[in-house]
Structure formats: C-alpha cells, structure tokens
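Let the hints inform the model, and build the full structure from the sequences given.
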Amino acid sequence: MDILFLLIPLSIILVLIIAGAFLWSVKHGQFDDLEGQGQRILFDDDAIDKSSKNNENAPTNDQENT
Amino acid sequence: MIEHGGFSRYYEFREQPGRKPNSETKDIFDVYDKHQMQIGWVTEGSTMSAEILVEGIHCAACIWLIENWLMQLPGVDTAYVNLSQSRLSIQWSADQLKVSDIFRQLMKIGYGARPFSQSTKQAELNKQRHTLLKQLGIAAVFGMQVMVISVALYSGDWFGIEPTMRIFLERVNLLLILPVLLYSAQPFFIGAIRNLKSRTAGMDLPVSLGLTLAFLGSLWASLSHTGDIYYDSIAMFIFFLLGARYLELNARIKGSTAMDMLASATPEYATRYSTDKQGERFVTVPAVELNIDDCILVKPGEVLPADGILFDQCSTFDESLLSGEHTPILRTKGDQVLSGSINIEQAVSIRVNKQPENSTLSSILRLAQSSNQGKPRIAMLSEVVASRFVVVILCLASVVAIGGIIVGSDIWLTTTIAVLVVTCPCALSLATPLAISASINTMMQKGVFIAKQHALETLTKVDHVVFDKTGTLTSDTPRLINIVPIHDVNADECLCIAASLEQFSAHPIAKALLIANKLELVYSDSSKNTPGLGVSGMINQQEYFLGSYEYMATQLKQSVDSSKNNKINAIPNISNDSVVFLANSTVILAVFTLKENLRNGVKPLVNYLREQNIALSLYSGDRQESVNDLAQTLEIKDAKGGCKPDQKLKYLSNHINSGKTVAMIGDGINDSPALSQAHLAIACSGNVNLSSANADIVLINKSIDTLQLAHRFANKTSRIIRQNITWAIIYNVCAVPAAVMGWVPPWLAGIGMSLSSVIVVINASRLNRVDDLPTDEV
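Sequence order for the protein chains is F and Z.
With the working numbering applied, the first sequence corresponds to residues 1 to 66, in that order.
With the working numbering applied, the second sequence corresponds to residues 67 to 844, in that order.
One should not assume that every hint holds.
Stated by the list, open to error - Straight-line Cα separation of at most 25 Å, DSS-like style, residue types lysine-lysine; simulated pairs:
1) Lys584(Z) - Lys594(Z)
2) Lys193(Z) - Lys27(F)
3) Lys716(Z) - Lys706(Z)
4) Lys200(Z) - Lys174(Z)
5) Lys263(Z) - Lys518(Z)
6) Lys27(F) - Lys584(Z)
Claimed, not checked - Covered by chain F, according to a simulated footprint, are these stretches of chain Z (three or more residues, beta-carbon under 8 Å):
7) 198–210
8) 233–243
9) 408–418
Said to hold, decoys possible - Not the full set, but computed from the structure, chain Z residues with beta-carbon under 10 Å of chain F:
10) Asn192
11) Arg195
12) Glu228
Treat the hints as calculated values from the structure; they're not laboratory data.
Source: prediction; values computed, not measured.
The C-beta atom is built at its ideal place from N, Cα and C for all residues, glycine as well.
Okay, here's the thing in structure tokens:
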C-alpha cells in the first residue's frame, strides 16, 4: 500500500489542476450562458445552409445598403 | 375652413410628417450614432464593437435568426447572442455600418433593442455570481477529494488501518479542507461578522460557529490522535449551502435583468424645441445632449428626461420613483419638476435647469431598489422566525456544551457540533425566497412580469377583479371605421384636425386617429386634456374640441341638442362602438366612429375567474352603452360606464372597504389612481412606461389570459412554500432533540442538514417547470 504515499499527492496535484482549469473557465465566461449553448447546437446545420445562401445573397444586400 | 397654406406657420412636431410608429422609431435610432450616446456600450476603433440588449428573445431560434441576419450584413465580423442575458455582442468595421443601422436591422426582424448598460445593482449581482460560482466549484473539487479520503478513513475504522497511513490520510484531508474553509466558506463567515456587527441573528451565525467548532475539534483530534474528525461533514455542508445560495442568486439576477428591460426609467431621448436654419421645430435628441435652458416637450405617459421648470401648462406628475408616493402631484407653471417622474395628464413644456447626468443616476438606482420592495408577508414572517430560531439554537448549543462539560461527558464537543449543524433554518430563510424567485422567473417566461414580490401572495387572495375596458378587455388601439361630417366640411380635414389635437396624447383613441390620418399634422397650441372626457386646442387661431358627448355638452356654448341634427341621429349605435365628436367653439363638425375588438384570451380568463368564485366588475371611462354591451357579452353584472378616474377610485374603495381583496386590471393614464389604490395593480403592456412604475404585475403578452396562468401559478407557489415550511418544522422537531441527546454524530447531522436543504430547494425548483400549466401563444 506504500504506493498510496505517491498516488495521493499525485491526486492532489490533479485536483489543483482541475481547480485551476475551473477558475480559468469561470474567468473566461464559459459559465455565462448555460442555456443558449445547449440549444444552439440544434441549429448548426441550418446555419451552414443559411450562410451558403447568404454568400449568394451578399451582393444584393450590399447594394441595398450602399 | 382650414386652408392648407395656414398650416405652414405652425411648428411641425416631427421632421418627417405622416407620423407612423415605424418611421418614428427609426428616427430615434439615429441618436445612437452620436458620440455621447455611445459611451459605455460601444468600443470605437477601426473595428467597432457594441453591447446591445435585445428585447423579445425567447429561445435558441431567436439567437439563430439574429446572429445569422446580422452576420450577412456587410462589415459585420461577429455577432453573438447571450441567451441568459438577452445580450448581443457585435463587432463590425466602422466604415461600412453605422450603429443605428444595427438597431434598424434588429427592428426589421422584429426585435426591440436598447444599449446594454447594466445598472449598478446588476453589475454587482453578476460579480457576486462569478465569485459564488468559483467558491462553489472549489468546494466541489476539493470537497469530493475530502470525501474520497474520508471513505478510506471510515473503512479503516471497520477493517483496520496502519497508524502511519491513518495519520497521513488525516493530514491530506486537513490540507484539502483548507481551501474549502478559507475560500469557499467566506460568504458564511462574512455574513456572520455582519450579523454580529448589526446584532441580528442570521443563519450565517450558527453555520460559521458550527464550521469553526467542527474544524477546531477535528484539528485537535488529528493532532492529538483522539476523537473524531469531521472534515467530510464540513466539506459537504459548505458545498450544499453554497449550491442553494447559487441557485437563489441566479434567480435574483434573472429577475433584475427583466426589470432593467421593462422599466427604462429615464428615457434615452428627449423632444427638444429648437430654432435653427430650418425654422422652429421639435427634434428628437439624446437625453444626454440636453443643456441647461433647453425647452423640451413631455407627452402624457412619458418619463421626464431631465429636471426642469414647468413653463406653460400645469399637469400632474407621478413622482413615485423618486419619493415612493404614488398619488400624482399637481405642478403648475414655474414649479420644479424632477427627472424620472411621469407626466400624467397633458403635454407640457419644460425648461431644463439641471444637466441630465446629475439627476438620472439617482433615479436609476431608485428603480433598481424599488423592484425589491414589498416582500411577501410570508417571506418576512419566515425570516423573522428563522432569526428567532437561530437564537434558540445558539442558546441550546451553549447549554449542551456547558452541560456536557459539567457532567464530564466526553462527547460534549460532538454533541454541540451536531446541534449546531443539524438544525436547519434553511427551509425557512432560504427556500421561501427561492420559491418566490423561481416562480417569478417562470412567469416571466410566460409573459407575466411580477414587478413587486408581494403580488404573488396577494394574487392568491384576490376575490374581486375590476377590469378597465379600453386597452384591457378590448385591444389597445381601436380602428376608425366611420367619419360623418356634420356641417359642410371635408372628412379628411376633420380627421387631420382631430389627429393634430391628439398628437401629444397617449390615449388609444388618439393612436387610432393618428393611424387613420393621411394629411400632414398641424401644431395644436395650448392643448388641454380633460382626463376621461376629451381634449381641446387652438389650431389656426380657432379653438377645437374633441371628445365624448358629455364633453361637448360642457364645452360648447350652444347646447348640443340644438346642433344635433339628422346626421348625428342617423349614426347607428353599433354594438361595441365608441363615438368621438369634433367641434369648434360653436358647432359639432364631425363624428368619428371607432370599433374595438376583444383582446385575445378575455373570454377564457373571465370564465376562469368566475369558476374561482372571484367577483368581476367593469368600470370604464367609455360610454355606458358600449360598456353595457361588452358586459353583456362577458356576463359581467357590475358594469359602469362613463367613469372618471375619481369615480373609478370611489367604486374601487367601496369594494376595498367591504373587506374584499381587489385586483385592478388596467391600462392607460385614466387608471393610475385606481391602480395605485387597489390591493393588486395589474397592468397590460402597451403603456409600459407608465404602468410598470405603478403596477405590481405587468402582463407582457398580447393575450390577457396569461393572468389565469399567473393565478394558478401563484397558488402553486404558495402551496410549495407551505410544504417547505411544514417540512422544515417536522425535520427540526425530530432532529434537534435527537442531537441534544447526543444520538446524532456530526457526519449524520451534516447529511441531515444538507438533505433537508436540498429537499426544499428541489421542491422550490419544481416551480421552474411549466409543463403542467396551460401554454399560450407568444
């Protein structure tokens, strides 16, 4: 069981790394919007379609705005 | 009659004639291009970035639409919507797009937008949330590790463990608990110190005391190798308490975001009277651009953008945002009026005498505070009970400790800690606000905004509902269906005069006339509004009156009967019609017939309320006939038409005096005295600026039936609060005596306390679900 004297300090280091990662993610806004992201994924496919269409439409829009 | 050429001498209200809601708002967006208006939410440079609060976001589909729509605009680099905060972050290149263009585009796809400027309170709440989230995370990560090692220690107790390994594990646990105790538990210690300073007994006090005792006891135990260690109890205790607090804070943040969105306390723009190359006119300018000695026009229902001196008309002002007093105060020529107060009666001109930035801040702050006023009685009661409870627990714990020492019991420390930890005032002091916040949130998603918390409790007790008619039961703006010119006049010109008279009014009839009018508006001088009756004004040096039949009778020199001719008699009294008369100083010129439509959801709501044995009344400023007609359709027995604001108030007071709990559902200026008198003021949106300041509940949806939802939900909320309190009482009655007898080890006390908290929190969070409630169209 002497291996525990090595493994447990290792686990503490791991805990420190996890805690650090967590603090980093809070600081960088990963937890700011917990509702939107989960639903956003459902619209990915449509968004790709739309953006390809947008590319075709882009010139007309330019004309409208200039 | 009125020559077209005569109009030119009068000031135009807008740069663009033909006032349409859309063109009006589009002009307003131009003010966002000015530099002063961009402070705080636009970052300039070759790439501009802005934070915009978008109104009307419901779901991910909205995000998708907004992001993709904006991304296809030329020059837009990124557009990102945060659903929780309804906030749009957008970056674009400055030379290709103006700020106002973005607002216009959002408008085009049907979303309202405002600069995202957080109130101080909200920024503070968000900062708190970040800190609490970090503390919670640290407690979770380290706490989990502490638990793992504790399991090893407990199994060591059962199956045997080497002493060196035991000491090692205990030291590791001590190391791991330190960040939890020193960082994560800070809110409790800070709260306890605050409690001590203010000499109040909060929940933080026994929590901190229990934590300190448990930690010192464990420390002593692990150093002297005698007794138990409670690190695991400490970690679990902190984690669950923080978790419950985090949920509660989140609910509060959501509520305050919505408050910010609804109640734009100080308007962002003002209508300024200016003289320049293009002549004398009113222009819309950003409120921050106002200078001392500027003249501004404030329409009824609008909020004053700056402090100033009233200089032509008298009107009443609701200064409740500033003073908390809801009764409108009469201000006459020369009086000081304050920014943030609401102009009630008629359009007034004001000479600004203080820079807006000197006064706006205070009113915003007050608004933020006012949203938290009026806690429900049950919440206050539970707070009081909880704080008494805390005192009892502290006394009990000291008695146990002292008694234990005197008797010489070797488990006195364990027992004392158990008593401190096992007691759970959480259900009382935490679960009640949590249930209320959760239900406010859910209702908001369904289009019911609870502006004051007491509304939830009052709503369950309401046994008499008073409706206003126009804008409440019938749709906001009626439709002009018929113009009958009486004398030899042109119908279109009459309409133009009528619309010009009403151009500064927020009344639904005014809106209908303005929408129907096709000619250019003219300036109406010295216009005067008699609430509930009509308006008068000077146009082309001639005096005109517009209003009800009764108003005509009082204003016209010639009696109405003699001017009543065949044409008036011929007007059919179509059901549900409103008839408005236009007259000059001698004769009636034209009669306008307006038709109203029932709002969505009126019938289901009325039926539901009747099923709940709630008495119904209908008081309206409209003519008796049309009120009777509506009352008949809805089978409301107590219906009174032709009510002036003070009459409505009188009828309402009668009901209140007879011991009923009265809810008033209204919209518009006429109702504000009655709304402030009723136990529960419910406003339909449309006149949001005015109503939301006064109302306890604002129905945001088009359908009035959401009130039914609110009523059911309020009942459900009060049921859940009662369940929580019952549970808290049962738990404590069982657990405290057991702990005093020393039957409960601290780890069990920790689990009991945490479980009890979790149960009430979960029970409260049932209010976040709306599945079992009828849904509505948005």
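- prompt: Taking only the CA atoms, is the gap from Lys200(Z) to Lys174(Z) under or equal to 25 Å?
  reply: violated (40 Å)
- prompt: Given the hint that Lys263(Z) pairs with Lys518(Z), does the C-alpha gap stay at or below 25 Å?
  reply: Judged against 25 Å, a Cα distance of about 30 Å means the pair is violated.
message: Using a Cβ cutoff of 8 Å, are there at least 3 residues of the region 198–210 of chain Z near chain F, or does the coverage claim fail?
response: holds (count 6)
message: Lys27(F) and Lys584(Z) were given as a pair; does the straight-line alpha-carbon distance stay at or below 25 Å?
response: violated (56 Å)
- request: For the pair we were handed, Lys193(Z) and Lys27(F), check the Cα-Cα distance against 25 Å.
  value: holds (11 Å)
- request: Would you settle whether the hint for Glu228(Z) is holds or violated, based on the nearest Cβ-Cβ distance to chain F being less than 10 Å?
  value: holds (8 Å)
message: Take the shortest C-beta to C-beta distance between Asn192(Z) and chain F; is it under 10 Å?
response: holds (9 Å)
- request: Take the C-alpha atoms of Lys716(Z) and Lys706(Z), compute the straight-line distance between them, and say whether it is at most 25 Å.
  value: Within the cut-off at roughly 12 Å; holds.
Interface hint status, Arg195(Z) versus chain F (Cβ within 10 Å): Holds: closest Cβ of chain F sits about 9 Å from Arg195(Z), inside 10 Å.
message: So is the region 233–243 of chain Z in contact with chain F by the C-beta rule, three or more residues under 8 Å, or is the coverage claim wrong?
response: With 5 residues close enough to chain F, the hint holds.
Outcome, coverage of the region 408–418 of chain Z by chain F - at least 3 residues whose beta-carbon is closer than 8 Å to one in that chain: violated (count 0)
task: Assess, step by step, whether the Cα of Lys584(Z) is no farther than 25 Å from the Cα of Lys594(Z), and give holds or violated.
output: holds (24 Å)
The structure is inconsistent with the numbered hints 4, 5, 6, 9, although it conforms to all the rest.
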